[in-house]
Amino acid sequence: MKEIARFYDPEEALIAAGFLRAQGLSVHLADEATLAAQPHLRIGLGGYRLLADQRDAHMARIALNTIAAASSSPDTPPAERSDGAPDRCPQCGGPLRRRRHRLLPALLLLTGALFPFSRAGKELRCGTCGHKQQAP
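If you count the sequence shown from 1, position 16 lands on 16 in full-length UniProt numbering, and the numbers rise without skipping.
Hint data in this document are derived by calculation from the structure and do not stem from the laboratory.
Do not rely on the hints blindly, as some may be mistaken.
[Unchecked claim] Have a look at the derived ranges for each label pair, beta carbon to beta carbon:
#, residue 1, residue 2, range
1, 91, 43, 38 to 44 Å
2, 95, 62, 30 to 36 Å
3, 88, 10, 28 to 34 Å
4, 127, 8, 39 to 45 Å
5, 34, 67, 25 to 31 Å
6, 22, 129, 41 to 47 Å
7, 129, 23, 21 to 27 Å
8, 58, 133, 19 to 25 Å
The beta carbon of each residue, even a glycine, is placed where N, CA and C say it ideally should be.
Model the full assembly from the supplied sequences, consistent with the hints where possible.
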């Protein structure tokens, strides 16, 4: 067996191993049970080691590198939120955040009433440049 990758996140390690197994490659996660039972040892043991047979190691590395290159592609279009609002500011490209009105919950909290559900405002604000726009 030859080490082809290391992961500190157990979910990522299991997904990578499952992907390679689906490709027909023989792989094994070293120390999987130990790190699942004692997660504080992840850094000390070097994380989850993904091992492959000698004959499958080269193809496994190629498959993982292909997925890594595809996931970091700059050509992916910007995603939109589930409410239809864009994620990016039209002026600078920075992230948009929904502006919340916090005065009413603060007043209710000061008067002793607890009102945990604050209604979101109808305005989106860019986290980078401060540009404001109306939410759809």
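Now for the hints, and whether the structure bears them out:
Here the CB-CB span from residue 91 to residue 43 is close to 42 Å, well matched to the stated 38 to 44 Å. For the pair residue 95 and residue 62, the beta carbons lie near 34 Å from each other, so the given range of 30 to 36 Å is met. Evaluation of the 28 to 34 Å hint for residue 88 and residue 10 yields a pass: the beta carbon distance comes to about 32 Å. Checked against the given bound of 39 to 45 Å, the beta carbons of residue 127 and residue 8, roughly 28 Å apart, lie outside it.
Separation of residue 34 from residue 67 is about 26 Å and conforms to the stated range, judged on CB atoms against 25 to 31 Å. For the pair residue 22 and residue 129, the supplied restraint of 41 to 47 Å holds, since their beta-carbon distance comes to about 44 Å. Between residue 129 and residue 23 the CB atoms are about 44 Å apart, so this pair departs from the stated range of 21 to 27 Å. Against the hinted window of 19 to 25 Å, the Cβ-Cβ separation of residue 58 and residue 133 comes to about 50 Å, which falls outside the hint.
In summary, the numbered hints that this structure violates are 4, 7, 8.
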